Amino acid sequence: MIDALDVMQSHYFELWIGTWPSAIDWTGAVINTALSSTLGTIARASSWTGDDHYSKIINKYFSHNAAYYFGEDAFSIRNEAYDDILWTTLEWLENIKTIEYRNSTEPSWHGVQFIPGFSHRARLFWDLALKGWDNDLCGGGMIWNPRLLPYKNTITNQLFISASVAMYLSSPGDFIDFPFLTSDSQIFGSMPGRPHDPKYLRAAIEGYSWLKKSNMTNDNGLYADGYHIKGYSQNGSIGTGKCDDRNEMVYTYNQGVILSGLRGLWEATGNTSYLHDGYTLIRDVMASTGWSWSGEPHSPIQKSTSWAGLGQYGILEELCDRSGSCSQDSQTFKGIFFQHLTQFCEALPSKPKIPGKSYAASKSLREKHSDFCRTVGRWTAHNAEAALSTRNGSGLFGTWWGYRYAAEDYPQSLPAHAVDYRNDASILTTRKWTSPSKLHSRAVSSRQAAESNGDVTTADVNDRGRGRTVETQQGGLAVLRSSWELLNSER
Numbered sequence: 001m002i003d004a005l006d007v008m009q010s011h012y013f014e015l016w017i018g019t020w021p022s023a024i025d026w027t028g029a030v031i032n033t034a035l036s037s038t039l040g041t042i043a044r045a046s047s048w049t050g051d052d053h054y055s056k057i058i059n060k061y062f063s064h065n066a067a068y069y070f071g072e073d074a075f076s077i078r079n080e081a082y083d084d085i086l087w088t089t090l091e092w093l094e095n096i097k098t099i100e101y102r103n104s105t106e107p108s109w110h111g112v113q114f115i116p117g118f119s120h121r122a123r124l125f126w127d128l129a130l131k132g133w134d135n136d137l138c139g140g141g142m143i144w145n146p147r148l149l150p151y152k153n154t155i156t157n158q159l160f161i162s163a164s165v166a167m168y169l170s171s172p173g174d175f176i177d178f179p180f181l182t183s184d185s186q187i188f189g190s191m192p193g194r195p196h197d198p199k200y201l202r203a204a205i206e207g208y209s210w211l212k213k214s215n216m217t218n219d220n221g222l223y224a225d226g227y228h229i230k231g232y233s234q235n236g237s238i239g240t241g242k243c244d245d246r247n248e249m250v251y252t253y254n255q256g257v258i259l260s261g262l263r264g265l266w267e268a269t270g271n272t273s274y275l276h277d278g279y280t281l282i283r284d285v286m287a288s289t290g291w292s293w294s295g296e297p298h299s300p301i302q303k304s305t306s307w308a309g310l311g312q313y314g315i316l317e318e319l320c321d322r323s324g325s326c327s328q329d330s331q332t333f334k335g336i337f338f339q340h341l342t343q344f345c346e347a348l349p350s351k352p353k354i355p356g357k358s359y360a361a362s363k364s365l366r367e368k369h370s371d372f373c374r375t376v377g378r379w380t381a382h383n384a385e386a387a388l389s390t391r392n393g394s395g396l397f398g399t400w401w402g403y404r405y406a407a408e409d410y411p412q413s414l415p416a417h418a419v420d421y422r423n424d425a426s427i428l429t430t431r432k433w434t435s436p437s438k439l440h441s442r443a444v445s446s447r448q449a450a451e452s453n454g455d456v457t458t459a460d461v462n463d464r465g466r467g468r469t470v471e472t473q474q475g476g477l478a479v480l481r482s483s484w485e486l487l488n489s490e491r
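Residue numbers for the sequence shown, in full-length UniProt numbering: 1 to 491.
There may be inaccurate statements among the hints.
[As the list claims (entries may be wrong)] Estimated spans, in silico, between C-beta atoms of each pair:
{"#": "1", "residue 1": "G117", "residue 2": "P21", "range": "18 to 24 Å"}
{"#": "2", "residue 1": "S273", "residue 2": "A45", "range": "31 to 37 Å"}
{"#": "3", "residue 1": "I238", "residue 2": "G393", "range": "54 to 60 Å"}
{"#": "4", "residue 1": "D219", "residue 2": "S364", "range": "29 to 35 Å"}
{"#": "5", "residue 1": "A74", "residue 2": "H110", "range": "18 to 24 Å"}
{"#": "6", "residue 1": "A418", "residue 2": "S350", "range": "42 to 48 Å"}
{"#": "7", "residue 1": "D460", "residue 2": "K199", "range": "16 to 22 Å"}
{"#": "8", "residue 1": "H110", "residue 2": "S426", "range": "42 to 48 Å"}
Note that these hints are calculated values from the structure, not bench results.
Note that this is a predicted model, so its numbers are computed, not measured.
From the three backbone atoms N, C-alpha and C, an ideal C-beta is built for every residue, glycine too.
Given only the sequences and the hints, what does the whole structure look like? Please build it.
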């Protein structure tokens, strides 16, 4: 894991400008989140072993986290889609969690000084994203992009849920009065963002209630991509006003982001139905990679060599992996799944972390959760081994982890009623997605950025298309971290 981190930062990060130059805005936020989470894992390992070497790694790479606060193009992101905005909220909340843990084991750690700025950006971007919640169509839910025709998609709604409950549980409050530091002293009652503000929890609960009722999952229990509204046009008609035209495209990240939200909703409410929904989704994802198990610890595992919907032989896969046609977006997706799976599988607390605001788990629930996640760790470790097999001589990870087990019955076309706009951004310029007056807007700019028409016939299957990138390195790092955390979840 540390080797993967070292390679990601030495090969792709430029400290002098505080960014990964080949990343785009939203993938940069995801990469920075993965970096911070990895430092949190290393910090926990350091507290167990007392190895000072880990402290040097943490301090070195936290400087990259902090540099990215200034290198991130925050003004550009404000004008992008609501999912781009919400990745940024989650990014800085994760950094705050890592700082607070490190400070608990090393008091007066220097990273604490960055919390006010990180908290401010998280709060500001959540406020911006809230504008995407719409009750006029479909009875609620987040719109993906205000510069396109209404499309209520899985990822934006999952991000809104996860970011909202994370704001409730993790935001220490925001002392900064936008857009500048206030000269007046602030108290919690008049702060722009209060810690543990109930409005965030209400938003998360309402968001998940809408998502669960939206019929967004397919027959395999997997989330489809999203909904159009039949008959909607820009001439004043809202058509049916209902989410009734579903895009059946399935992406790995749509199965993952909600997991951190469900974990947070349980902790914020004590309602175990949120955890059970997470367990069900995780089982469905594993089954869709051909991984079959009874659900009991140490039960026999079967790995099907047939295509199962999200992979084969137990290895998670995007539909674009085999053809080498994955976009910058899609190269990021598997890492996102494992990032949020790892958050879901964090040990349940025996005492409320926030007295009066959060809940603790009984001994039996803690044991059940730990047993489940350790068993899932076997699947995660299997994927980590597959990811490791894609590294080249420089230690760079590829995107197609399952290339050694390619299923003979791999689908030759997309599922019925599926539109893969994540790998073909030109689709977003068609009339179903936008009006002629908006064809030249910023709506698709970040989706088209930094794409490659690279060779798709190279001998190394992971050098095809965009090849090995900072996004594929993030994916390798995320699955390695997930494997380590889940297999050590009893700590």
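>> Are any of the numbered hints broken by this structure? If so, which, sorted upward?
In response: 7
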